[in-house]
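Undergrad: Now for the letters of each chain:
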Amino acid sequence: MKRIASTPRPDWQKTVEAQGFHFHSVDGRPYWDESAYYQFTSAEIDVLEAATYELDKLCLAAVQHVQDHPDRLRDFNIPLEWLDFIARSWESDEVTIYGRFDLAFDGNAPPKLLEYNADTPTGLLEAAVIQWYWLKDQHPDCDQFNSIHEQLIEAWKRYETAMNGSMMYFSSMDNLEDFTTVSYLQDTAVQAGLNARYIQCEDIGWHAMRGVFTDLDENEVCQIFKLYPWEWLLRDRFANQVMMARTKWIEAPWKMILSNKAILAVLWELFPDHPNLLRATFDPMKDSFVRKPVLSREGANILIQTGGQTVIETPGKYQGPYVYQQYQPLPGFAGNRPVIGSWMVNGYACGIGIREDQSLVTGNLSRFVPHLFS
Amino acid sequence: MRASTAVGLMLAGSMSIFGIFATSKHHSQVEAIEPVWVNGQEGVYSPSTGAFVLTTSWDYADVCDEIRQQRAAAGIYGSPTTGPSGYTDSTGIYHSYHYYGSSFNGWGYTGSHSTGSSSSSSFGSARGGIGGMGHAHSGGGE
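As you go down the protein sequences, you meet chains A and B in turn.
Quick note on the numbering used here: the first sequence kicks off at 1 and runs consecutively.
Quick note on the numbering used here: the second sequence kicks off at 1 and runs consecutively.
The reader is advised that the hints may include incorrect statements.
To be verified - Lysine to aspartate or glutamate pairs mimicking EDC-like chemistry, simulated, CA-CA at most 20 Å apart:
# : chain 1 : residue 1 : chain 2 : residue 2
1 : A       : Lys-2     : A       : Asp-46
2 : A       : Lys-57    : A       : Glu-231
3 : A       : Lys-317   : B       : Glu-42
4 : A       : Lys-317   : B       : Asp-65
5 : A       : Lys-57    : A       : Asp-11
6 : A       : Lys-57    : A       : Asp-46
Stated by the list, open to error - Far from chain A, some chain B residues (derived; all Cβ distances over 12 Å):
#  : residue
7  : Ser-48
8  : Ala-51
9  : Leu-54
10 : Asp-62
11 : Ile-67
12 : Ser-125
13 : Gly-134
14 : Glu-142
Derived by calculation from the structure, the hints in this document are not laboratory data.
Virtual Cβ for every residue (Gly too), placed ideally from N, Cα, C.
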């Protein structure tokens with residue numbers, strides 16, 4: 001695994017915009033950063049792929065454990081009244097389209113799970129489309145761990161048979177990155193043959209007399225992909241309606257267990273010393289650790305302590321309960337610290353996207369850097 | 001790892017939608033007021049006073065409206081000029097209409113939007129019951 005400096009394509013901004021990517025820069029600085037790329041060997045890609053499958057297997061076992069011990073939902077800060085709702089979703093094997101494992105990997109030691117963005121991962125268009133075209137433009141003779149797009153289409157095809165020609169809605173907040181992600185997912189669904197329509201989260205209606213969620217034309221919303229986290233949905237005004245309505249939500253409700261950082265401690269309890277896991281507990285650790293609120297997002301409210309000293313504490317509005325995770329320094333490449341986002345789509349480990357930062361914490365402004373292998 | 005033939009199909013398909021949203025009404029006219037972080041707190045700056053207003057403040061919607069008006073004056077965004085700025089729901093939480101932008105179905109929307117009740121009226125659905133938690137943050141993805 002190497003980080004290699006590279007000359008960006010002339011007019012790269014226009015190039016990626018033509019591919020549907022409009023948030024390539026933030027505050028005048030590239031978020032999509034092709035001034036460098038990461039180069040892997042084929043063997044290193046195999047390691048990442050195998051670790052992703054292994055972690056997926058562990059995670060599914062952990063969800064089953066929580067289902068078998070429902071009082072554990074308290075560890076996840078999930079209200080117990082949602083127990084049956086989640087259990088029904090799990091037992092009926094409700095659909096999952098995608099998820100992204102965030103891994104620490106230096107090319108030598110086994111990849112370590114930092115967290116699992118199982119519910120509302122973004123960075124999808126960059127990983128599936130933008131870096132692929134970068135590869136074709138810049139290194140057409142090399143390969144890339146990336147069949148994300150194809151697997152998304154296959155995932156929707158599997159879902160199509162259950163839809164009977166009805167409409168699949170796609171929803172997000174009014175946020176360009178989220179809207180782009182959802183529009184891309186909608187596009188893959190259309191390519192899979194689904195009827196699809198976008199609706200903003202706040203526009204989803206509840207018709208009390210009919211007892212159904214509705215779109216702006218008062219059509220029932222029977223199934224919907226929402227780029228809106230479950231932990232917010234079950235605290236919104238329509239939470240009770242979500243629980244009672246027959247609408248199918250994607251990602252499925254059971255994914256809220258995996259997207260919660262409490263799963264890190266549960267995984268360690270179930271699979272201690274697993275080579276792809278970091279030690280994690282609900283009890284405070286001493287000396288060197290990372291403290292994460294179980295429901296925090298995008299690197300907010302992360303506390304890193306090493307040698308008994310606080311190294312960094314990121315701002316945010318999230319509070320406990322917390323999970324404590326063994327501190328795993330990210331590898332440094334010319335002062336940059338990459339996190340590997342390994343995508344699980346349609347049940348397949350099918351690609352990676354890399355975000356790097358000079359900070360110890362990867363946040364929502366960390367740069368996306370392409371990769372290749374040879 | 002990936003077949004190049006599939007990518008050609010993907011390009012044709014993705015352009016069908018991405019060509020639309022580059023010029024879509026949704027993103028050419030809906031405001032996107034992005035809060036900033038200051039000293040660990042999220043909020044926006046008032047263009048007229050320079051005051052920093054927390055996203056959790058009751059004044060937040062008014063400052064967003066101020067920003068919206070300024071942008072509208074600059075011809076950047078569409079902007080409704082009349083109507084209420086929001087409503088208070090049955091739990092006392094204030095919800096701004098400003099978030100709805102051009103996708104909002106007009107002021108005085110049917111049913112409970114203008115009354116603050118979470119139940120729907122006899123002639124339409126109640127809206128705004130999903131997304132409220134997201135307004136205190138910056139989008140739902142990560």
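Undergrad: Going through the numbered hints above, which ones does this structure break? Give me the numbers in ascending order.
TA: 2, 4, 5, 9, 12, 13 and 14
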